[in-house]
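Number of protein chains: 2
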Amino acid sequence: MVPHLITALTGPINELEQRILESLPAIERWFRLEWMEHTPPFYTAVDVRNAGFKLAPVDTHLFPTGFHNLTDEMLPLAVQAAMAAIEKICPEAKNLLLIPDRSTRHGYLMNVERLVRIFHQAGLNVRLGTLDESVTAPTPVALPDGSALTIEPLVRQRGRLLLKDFDPCTILLNHDLADGVPAVLQNLHEQYLLPPLHAGWGVRRKTKHFQAYEELAKKFAKMLGMDPWLINPMITRAGRVDLESPAGLDALTTHADALLSKVRRKYKEYGIQEKPFVLVKADDGPDRLGVLTVREARDVAVLAERARVRRAEGQAPAEPGDELFLQEGVPTHERINDAVAEPVVTMIDRYVVGGYYRVNPERGADENLNAPGASFVPLAFAESNQLPRRGAKPGASAPNRFYMYGVIARLAMVAASYELEATDPDAESYD
Amino acid sequence: MVPHLITALTGPINELEQRILESLPAIERWFRLEWMEHTPPFYTAVDVRNAGFKLAPVDTHLFPTGFHNLTDEMLPLAVQAAMAAIEKICPEAKNLLLIPDRSTRHGYLMNVERLVRIFHQAGLNVRLGTLDESVTAPTPVALPDGSALTIEPLVRQRGRLLLKDFDPCTILLNHDLADGVPAVLQNLHEQYLLPPLHAGWGVRRKTKHFQAYEELAKKFAKMLGMDPWLINPMITRAGRVDLESPAGLDALTTHADALLSKVRRKYKEYGIQEKPFVLVKADDGPDRLGVLTVREARDVAVLAERARVRRAEGQAPAEPGDELFLQEGVPTHERINDAVAEPVVTMIDRYVVGGYYRVNPERGADENLNAPGASFVPLAFAESNQLPRRGAKPGASAPNRFYMYGVIARLAMVAASYELEATDPDAESYD
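First to last, the protein sequences are chains X and E. Everything in the first sequence is counted per numbering that gives the first Met the number 0, starting at 0 for the first residue and increasing by one. Everything in the second sequence is counted per numbering that gives the first Met the number 0, starting at 0 for the first residue and increasing by one.
Simulated from the structure, these hints should not be mistaken for laboratory data. Wrong hints could be hidden among the right ones.
Here are the simulated DSSO-like pairs of lysine-lysine, each with C-alpha atoms no more than 27 Å apart in a straight line [what the hints assert, rightly or not]:
1) X/Lys221 x E/Lys93
2) X/Lys87 x E/Lys218
3) X/Lys265 x X/Lys217
If you want the footprint, here are the derived chain E segments under chain X, 3+ residues with CB under 8 Å [what the hints assert, rightly or not]:
4) 75 to 85
5) 89 to 101
6) 276 to 284
FRET-style restraints, in silico, Cβ to Cβ [to be verified]:
7) X/Ala317 x E/Met35: 46 to 52 Å
8) E/Ser133 x X/Asp423: 56 to 62 Å
9) X/Gln185 x E/Asn186: 55 to 61 Å
10) X/Gly224 x E/Asp178: 46 to 52 Å
11) E/Thr38 x X/Gln185: 36 to 42 Å
12) E/Leu187 x X/Asn13: 38 to 44 Å
Beta carbons: idealized from backbone N, C-alpha and C, even for Gly.
Could you put the whole structure together from the sequences, leaning on the hints where they help?
Given below as structure tokens:
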């Protein structure tokens, strides 16, 4: 199923597409050399936005939850990538313990089922352990397709994490640790724990990711001889902001104003007629206040109201204030059946294994789509990512566009790799 | 396109299929551990025959020529495997020199075009150099689809093989060197030459391959708790035989009689009603006399006649006699539109990247299909090789059958790896 796409393909992106296609061998070699020095995250999903005049990643997930949105045809690619990942990490592996999120949403459970299938077919015995301490015996969880998963209680035995009669050499987290690292996962030095704990939101900061991405985008753009802004969303770190204090709100308004001005200047430079906007997002994980679209600096006042409501509902954070940052808004001009859509590129190890569109008919082109109302349309990435079509006119070929999306997503994956190295508590220092 | 298949699925193969599916994690781990110690051939194609009561490789090609028979849907898998192979061999690679066979058959040219596409998309500049010394300038070769390939003359510069303005770090041979190793390919110590020269027929012997395979089949069968004969075609090495001398023919008849008796005993053991047969094949490369199907030992006399015709036509080999071996015949009970078919499994590095059926309506179930009249039907291996379907009844699911074919083909690939190690002239000896 290839969705009907409408992409606003104006000048710059067509030019970018052409440059990326012409530079394919140089680009692939660049990635190969990066992976000689750096370790890719175990798996990654990147939300990409194509504005026609600009293409950029807007979110990079290190605990991806959309594997069920990939088409069945793409499964062999995921299995092959998983085989390559296992071979590198632990070739003698027999058992994989997968720790899912506690979510019981049907979509999420299907994602877990798909992960079990991928790693089983890559050659591992896969079982599921839960962080939910109310689960004290193996518990079947029904899936929408009539099958079932079995969730088992974790058993901590000194330095190892087990299930009953199941000793894994590798533990795969599909849980973003937004509420901190449970004791049961700490100090596991005898087993591979993937992704590492510092990929969780207790340590990770989106600003660190996008700083790393910006550096890479500059290097990459230099190789291609183009303006890095065409692939880089500008950001401003706001730090911890007390949204209920006038001073906090003032600071945020000033940041928004400054970033809007920067975007306005770039739009002017490129003759872009659209109205610039920025987004206010949480720096440290899930956007508990919701992502706010800011078209005028004063729009940030909405967040003060949201924070007041949250306090009134008794859900204010323990530590006062919110860690926030501002991101240049990249409008998406892709549409599926009139609904606003953005591609999500999914990777295992260093390989793009598929993609899908996040579609949200309730949202506008300048809004966050990762919100209630979102649905997902699998993309036949088969004829796509690795498979640009030679000779096709820029902007005219879906395969070529998807190859470009895969390049940008992999650039964000390299940034995540840099980010994880910089925050690794066990890293050796050579200073 | 999934061809309509009729497979004679009697007891033993169903049991084998079930065992292989149940043992998937153990099997995949077994392969991972083998690849820790051994290097897979760069690319491999294995002819597999499914007799219903037995499943076995009958030929292992180290210069595969059927990449154009893979479906377009499987291309990303080939590209990903090629990326993995390049990363291991030469991550800093920019340029790949591909040396095709001199064949100008349309099918072969499409195979070359497909290889160019795969390695371009894996991130290399690919150009074609020819061993044909009559080519002295870049020469376009038209393809059936209207496009063209450009074949260029090789340039030898001391220790390196180049094209004009093109210095490759890796040279990929798609030429089986059946007529020996041209001087231009000798003593290239500064570049990666893949597959190595000793994979050519000047060094390779099919009997060495099948001896290595037999050892592996025994280990593998032990792991699965089954009779290795179910996956191993028995062979007898005949050595150099002067087919025109009574003594030579006698020796060959005796070998055929002995091997037929061995097959007969196994058939009796399993209650197989079919008529046993053996094949006489060349041990050292292309079957210039044609593969002979021998149902009674005295059938080998046909070869004496063929050798006499060859001499009469002035095509007798320089060295008298033919290096021959005998292989247990594995009937194929697969049919596509009433024509006899055998699957060919294609691999890059350690990964199965697709497969197709070789179909020959002019041949019988006990004959070699790799002969005039053969055509090829691509197999949608997508839902196949790595993707067995859990819970499907043995023998009932094409995906499960293809996974099994992929396992047997990979076993033959491991055997090829052992074979190449044993014949490597540059190997260090630890004796």
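Checked hints:
1. X/Lys221 x E/Lys93: Distance of about 19 Å is within 27 Å: holds.
2. X/Lys87 x E/Lys218: Status holds; Cα separation ~25 Å.
3. X/Lys265 x X/Lys217: 16 Å, holds
4. 75 to 85: holds (count 8)
5. 89 to 101: holds (count 4)
6. 276 to 284: The restraint on the segment 276 to 284 of chain E is violated, since only 0 of its residues have a Cβ under 8 Å from chain X and three are required.
7. X/Ala317 x E/Met35: 46 to 52 Å: With a Cβ separation near 48 Å, X/Ala317 and E/Met35 satisfy 46 to 52 Å, so the hint holds.
8. E/Ser133 x X/Asp423: 56 to 62 Å: 60 Å, holds
9. X/Gln185 x E/Asn186: 55 to 61 Å: The hinted range 55 to 61 Å holds for X/Gln185 and E/Asn186, with Cβ atoms some 58 Å apart.
10. X/Gly224 x E/Asp178: 46 to 52 Å: Cβ of X/Gly224 to Cβ of E/Asp178: about 48 Å, so the range 46 to 52 Å holds.
11. E/Thr38 x X/Gln185: 36 to 42 Å: 40 Å, holds
12. E/Leu187 x X/Asn13: 38 to 44 Å: 43 Å, holds
The structure is inconsistent with hint 6 alone, although it conforms to all the rest.
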